Amino acid sequence: MATVTYSKATRIYPGTERPAVDHLDLEIGDGEFLVLVGPSGCGKSTSLRMLAGLEDVDDGSIYIDTRDVTHLPPKARDIAMVFQNYALYPHMTVYENMAFALKLRKTSKSEIDRRVKEAAALLQLEDYLSRKPKALSGGQRQRVAMGRAIVREPQVFLMDEPLSNLDAKLRVQTRTQIATLQAKLGVTTVYVTHDQVEAMTMGHRVAVMLDGVLQQVDTPRELYDTPANVFVAGFMGSPAMNIKTVPLTDGGATFAELTVPLTREQIAAAQAESGDGKVTVGFRPEDCDLVSESEGGLALVVELVEDLGSDANVYGHAAIDGTSERFVVRTDRRHMPNMGDTVYVKPRTGRNHAFHAVTGNRI
Amino acid sequence: MEFADEAPKLLMLLYGLIAFAVVVGGLLVLLDVVPNWFARRREAALVAASAEGSAVAAGPRPRRRSVVNRPEGVLALFFLLPTLLLLAIGLVVPAVRTTVLSFMDGGSDNWVGLANYKWMFAQDEILGILTNTLIWVVLVPLVATTIGLVYAVLVDRARFESAAKALIFMPMAISFVGASIIWKFVYAYRSGEYDQIGLLNQVWVMVGGEPQQWLNNPPLNTLLLIVIMIWIQAGFAMVVLSAAIKAIPNDVVEAARLDGVNPWQMFWQITLPSIRPALIVVVVTVSIATLKVFDIVRTTTNGNFDTGVIANEMYNQAFRFGQTGQGSALAVFLFVLVIPIVIYQVRSLRKQREV
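In the order they appear, the protein sequences are chains A and B. In terms of my numbering, the first sequence has 312 at position 312, counting the first letter as 1, and numbering is strictly consecutive. In terms of my numbering, the second sequence has 305 at position 305, counting the first letter as 1, and numbering is strictly consecutive.
Be aware that a few hints might be false.
Stated by the list, open to error - Covered stretches of chain B (in silico footprint by chain A; criterion: 3 or more residues with CB under 8 Å from a CB of chain A, positions within the stretch not fixed):
| no. | stretch |
| --- | --- |
| 1 | 258-266 |
| 2 | 272-281 |
As the list claims (entries may be wrong) - Once the Cα atoms are required to be at most 30 Å apart in a straight line, the calculated BS3-like pairs of lysine-lysine come out as:
| no. | chain 1 | residue 1 | chain 2 | residue 2 |
| --- | --- | --- | --- | --- |
| 3 | A | Lys134 | A | Lys106 |
| 4 | A | Lys132 | A | Lys109 |
| 5 | A | Lys117 | A | Lys132 |
| 6 | A | Lys134 | A | Lys169 |
| 7 | B | Lys351 | A | Lys134 |
| 8 | A | Lys244 | A | Lys278 |
| 9 | B | Lys351 | B | Lys118 |
| 10 | A | Lys75 | A | Lys132 |
| 11 | A | Lys103 | A | Lys169 |
| 12 | A | Lys169 | A | Lys117 |
| 13 | B | Lys246 | A | Lys75 |
| 14 | A | Lys75 | A | Lys184 |
| 15 | B | Lys351 | A | Lys117 |
| 16 | A | Lys117 | A | Lys103 |
| 17 | A | Lys103 | A | Lys75 |
| 18 | A | Lys132 | B | Lys246 |
| 19 | B | Lys246 | A | Lys134 |
| 20 | B | Lys118 | A | Lys132 |
| 21 | A | Lys117 | A | Lys75 |
| 22 | B | Lys351 | A | Lys103 |
| 23 | A | Lys109 | A | Lys134 |
| 24 | A | Lys103 | B | Lys118 |
| 25 | A | Lys169 | A | Lys184 |
Source of the hints: derived by calculation from the structure; they are not laboratory data. These figures come from a predicted structure and were not determined experimentally. Even glycine gets a Cβ: it sits at the ideal position worked out from N, Cα and C.
Extracted from the complex, chain B is given alone in its bound form:
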């Protein structure tokens, strides 16, 4: 490796580091200086107010509050600014632009009205993709949460609890792409005369079946891809729900035992209602992650053999087929699907707080 060849890259790295130091340093200085300045002003205001004596203290409160509050409002805005800016750059602007693009043609040159949306619901292929997405979004949260919950209940206070939990949680640490590659090997196919390298086919052959091209046969292939997602998400569900189960006060469990519940009633009438908030969070989080699923499909089948889902099709339309308008329409539709789930979560969390 010639150092000179790499010099521009290293230089860029250096620039990056300097820029990072400047931004972070600047922020730290601002965060230190600005609140101090406000604190001093506020102190001065309070000193002035108390110097005026008790007459003022008993006097009209609203005026004094506005004196104290207005700078704090400015301060709050100041702290919000970086977040708002990043949100605007990363979320709001792209969202608006995507929505606008969804009403334009493939090259983003001409307005086409609702044509892209009409196309979406007219094509059998796309309807199949929407159906697939629906299957994903129903099965994954349901099965992953159920597995996670049952597992959490079963290993709770068992002897090797942490080891057992680590086993299930481990897949969470693997990227979707990594997990997909692992499972691609599980589903791998070799024709009958060779040794099978895929676990599933090997087991299938051992029980006397012919080797199958699992990922090429709809509708089973979609279900097999869903298994990958469940494998990843069950660990997440298990960890959150296990923590929630542990948070149930011990004496409530004991009171239930004295009241005469059997294990079945304990689960349905005590455990489950107690962990409801955590359950909602898990189902919603997994649902949203599933709606957006892309990596698994892209890595394994790339949406072929009727396994496509919205996110993957969106990518294909926008970036492979150059149909930006149709891709954007799919993206907007995906966004619309996520909204009710988020609203449901926010509302149920708010309700929880009120009770």
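For reference, chain A alone in the conformation it holds in the complex:
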């Protein structure tokens, strides 16, 4: 059990100009489950591999507890990693796979046996201990990879998209298993994924990255409710937030006939730094209502309705300043419009997000 601290950690791959990870500052608490999330190429896996010691740190440093591990080899860091493709040793049985690291450390036979049996019981692998990885299903292999990490009793778990090779149903199931397991073991965990649903459901805190730069790190709720910038706002949540850059007036942001009210401070902030009379406004699909025409909503021509059973996503387009903009609205099933209908959308007051039109930062 330990804390992990990235301090201005930077990785520049040889032969490239732009850092893959750029001055990453991140503190991970003892026993915390931190999820690194972002689109592919954002540097999340590189950050994890830097912590593992599989990737050089070109600048800055990384600490586990107070120990500087920046330039230590992987085996000196007391960490265990679960790989995307599980990386099981194909020539060893499940038991040998899990025991390998302990054997290398000259742990006593009885101790190895106890730990492996314990992990196997935890992961329901007892019946497969003598099998080779080839004879296991994808889900079982994933559990063996977890088991191999658990028996090490490391200070930190690292997981690099461990669920992405599982089918959708198993993924949801394993997601909860991993979260429960982590809560039970209480080991500090850094988890990399590109799936924002995984990030939201599993992490105590979520760190969102883009182009090697940390965008925001916060609890899932905070990230969802108060995204720090346009990218985070658009990345977290499915369907994505409706984000448009529209003209700014004294009353707020103008969506054609609809005006989204903004506070005085927001308007002032939007005008600063050559805001150019524009503001970026976002509202989540579930934060708006379908209203009647007289209530002054934004007219939306419905293109597609996704009936999800519990509720429905309504996709449509509206004309704003002569261009056609797409919007998504979540509605309950009683008010489900049909394709081609015109509906009127009104964001709920106080539930909208405003960002600076140029910098993209929250205002």
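Chain A is already provided as a structure; the job is to place chain B on it using the hints.
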């Protein structure tokens, strides 16, 4: 050069080309026409079957399968025929004939029973040859594979990997005879008063030794010939094993590093088990090639000075001394030696597939 003198040869060349075109063209036509014919018949059968409706589809399957399968069996046989024919001409018939000849005397006139085999194991000379072959077959695969493996591991992901690999692989491109001639020069001898032209003797003289007739002194000469074979085969071993090493998934190597292996453990516990199938293929291939080694011995010493091996002795007995029976017996014995190696390879490959 008078053109008229060469005319018959050119004519023969022309005949050859025509024959080649006819055979290949004929095969191509057959390969095009015959499968089409089968495909049409099969289509017709399927159309007929589907026309009979769903009742048939749900009906007895085995009958329909036999309708479809029987022509395909014939088709498969048709495709196998050229291979079977060539195998029979080139392998089966000679093998049977050689076996038969091994029970006959030198002129292949009278049956002599097991006399040729008894002779083989009674002659000191032949026993020496068998011992030599044993030394070859133990040392060459072992040393060549080891060198190839160590080299492959060392240059893996090094800076000048491809150049370094090309250096070792190059000898593979040289024929056994060519390689033997090169090495004959390396081992060449000039008496003390002359400049040495052989590399080995030159080095030997430089460190203060008397020039040696390396290839005339047993048992060292056999070892020196073995070096030639190793020089050739190490490149092959290196290329195959290097490819196998590269095929080890990166994350498995990384997982091992996180698990705390040192380079030594990485090699013995991760790399080596991972490339086991390739290792078996290399050892078996090199072993068989070594058992059959002929060119090197023939080119350098022709089996003199106690350097003979089975294949060379077989040739000498059958074609130089006119002892067809004894030569054939040696050939059969060589064949018997190869069989267990092949069986081992087939079995281990099959086991690999099962796991």
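The hints, checked one at a time:
no., hint, verdict
1, 258-266, "holds (count 5)"
2, 272-281, "holds (count 3)"
3, A:Lys134 - A:Lys106, "holds, 27 Å"
4, A:Lys132 - A:Lys109, "holds, 21 Å"
5, A:Lys117 - A:Lys132, "holds, 16 Å"
6, A:Lys134 - A:Lys169, "holds, 22 Å"
7, B:Lys351 - A:Lys134, "holds, 13 Å"
8, A:Lys244 - A:Lys278, "holds, 10 Å"
9, B:Lys351 - B:Lys118, "violated, 38 Å"
10, A:Lys75 - A:Lys132, "holds, 25 Å"
11, A:Lys103 - A:Lys169, "violated, 35 Å"
12, A:Lys169 - A:Lys117, "holds, 27 Å"
13, B:Lys246 - A:Lys75, "holds, 23 Å"
14, A:Lys75 - A:Lys184, "holds, 25 Å"
15, B:Lys351 - A:Lys117, "holds, 29 Å"
16, A:Lys117 - A:Lys103, "holds, 15 Å"
17, A:Lys103 - A:Lys75, "holds, 14 Å"
18, A:Lys132 - B:Lys246, "holds, 22 Å"
19, B:Lys246 - A:Lys134, "holds, 20 Å"
20, B:Lys118 - A:Lys132, "violated, 50 Å"
21, A:Lys117 - A:Lys75, "holds, 24 Å"
22, B:Lys351 - A:Lys103, "holds, 27 Å"
23, A:Lys109 - A:Lys134, "holds, 26 Å"
24, A:Lys103 - B:Lys118, "violated, 55 Å"
25, A:Lys169 - A:Lys184, "holds, 23 Å"
In the structure shown, a violation is registered for the earlier hints numbered 9, 11, 20 and 24, in ascending order.
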